[in-house]
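Numbered by our numbering, the letters in the sequence shown go through residues 146 to 277 in order.
Some hints could be false.
[To be verified] Keeping only pairs whose Cα atoms sit at most 20 Å apart, straight-line, the calculated SDA-like set for lysine to any residue is:
id : residue 1 : residue 2
1  : Lys198    : Thr220
2  : Lys158    : His187
3  : Lys223    : Cys199
4  : Lys232    : Thr246
5  : Lys158    : Gln173
6  : Lys228    : Asn209
7  : Lys256    : Ser239
8  : Lys254    : Arg273
9  : Lys251    : Ile269
10 : Lys198    : Thr186
11 : Lys195    : Gln213
12 : Lys251    : His271
13 : Lys170    : Thr192
14 : Lys228    : His243
15 : Lys223    : Thr192
16 : Lys232    : His247
17 : Lys170    : Arg185
18 : Lys223    : Asn209
19 : Lys170    : Gln152
20 : Lys170    : Ser154
21 : Lys256    : Ile269
22 : Lys200    : Arg185
23 : Lys195    : Ala207
24 : Lys256    : Arg270
[Unchecked claim] Here are the simulated distance ranges between beta carbons:
id : residue 1 : residue 2 : range
25 : Gln229    : Gln180    : 33 to 43 Å
26 : Ala177    : His247    : 33 to 43 Å
27 : Thr192    : His247    : 40 to 50 Å
28 : Lys148    : Gly249    : 14 to 24 Å
29 : Glu250    : Leu176    : 28 to 38 Å
30 : Leu224    : His247    : 30 to 40 Å
31 : Arg273    : Leu156    : 24 to 34 Å
I should point out that these hints are in silico values taken from the structure, not numbers from a laboratory.
Note that CB positions come from ideal geometry on N, CA and C, so glycine has one too.
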Amino acid sequence: CAKTFAQVSYLQKHNRTHTGEKPFKCKQCPLAFSQSCHLRTHNRMHTGEKPFKCKLCPQAFARNSYLQRHNRSHTGEKLFECKQCAKAFAQFSSLQRHNRTHTGEKPFKCKQCPKAFSLNCNLIRHHRTHSV
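Use the sequences and the hints to build the structure in full.
This is the structure we're talking about:
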C-alpha cells in the first residue's frame, strides 16, 4: 500500500497488518500477536494483574477500556442510543440485544427442535424442557 511512516518501527508494525505475521508469542498458551502491547495486555489474563482501578469502588480491570465501560455504571452515562425508539444504553452489547426487539432476530437456535430465541438465557431455559 502507499502508506508512509516517519519511523521504520511503525512501518514494520503496519506491514504485519498485511502479512498477518504475529511474532509476539504467549508463553502460557498458543496465542500470538502482531504487536508487543497486545501480548502485554493478554498476559494480564494469565497473571490476574488488574492495573486499572476504579476511583469510586473496589473494582479493578486488566484493560483500560473495561474500566471506562465500568465507569458508566457509576455515572449513568448511556452512549449507545437506539435509532428506532431513542432508548439508550451504557453498553453496546445491550443496544445490540435491544435491537432484536425491533428486528425479531432470534440468533440462539435449539439444536433439538426448531425453536429459536432472541436471548441466550431463554435458549438455556428452553434446553431444560428437553431433559425433563
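Q) Keeping to a limit of 20 Å between CA atoms, is the pair of Lys251 and Ile269 held or broken? A) Judged against 20 Å, a Cα distance of about 14 Å means the pair holds.
Q) Lying within 33 to 43 Å: is that true of the beta-carbon distance Gln229 to Gln180? A) The hinted range 33 to 43 Å holds for Gln229 and Gln180, with Cβ atoms some 38 Å apart.
Q. Is the distance from the Cβ of Leu224 to the Cβ of His247 consistent with 30 to 40 Å?
A. For His247 against Leu224, whose Cβ atoms are near 19 Å apart, the range 30 to 40 Å is violated.
Q. Quick one: are Ala177 and His247 within 33 to 43 Å, going by C-beta?
A. At 40 Å between Cβs, range holds.
**Q.** Pair hint outcome, Lys195 versus Gln213 [Cα-Cα no greater than 20 Å]
**A.** Satisfied, since the Cα-Cα distance of roughly 14 Å is no more than 20 Å.
**Q.** Given hint Thr246 paired with Lys232 - CA-CA distance at most 20 Å
**A.** holds, 12 Å
(Q) Just to be careful, I want the Cα atoms of Lys170 and Arg185 compared with a cutoff of 20 Å; is the pair within it? (A) holds, 10 Å
Q: Decide if the proposed pair is consistent with the structure: Lys251 and His271, CA atoms, cutoff 20 Å inclusive.
A: holds, 14 Å
Q. Given the hinted pair Lys256 and Ile269, is their alpha-carbon gap at most 20 Å?
A. holds, 11 Å
Q: Using the beta carbons of Lys148 and Gly249, state whether their distance is inside 14 to 24 Å or not.
A: violated, 43 Å
Q) Are Lys170 and Gln152 close enough, with their CA atoms no more than 20 Å apart? A) violated, 24 Å
Q. Within 20 Å, alpha carbon to alpha carbon, are Lys232 and His247?
A. Judged against 20 Å, a Cα distance of about 12 Å means the pair holds.
Hints 5, 6, 7, 15, 19, 22, 28, 30 and 31 from the earlier list are contradicted by this structure; the remaining hints agree with it.
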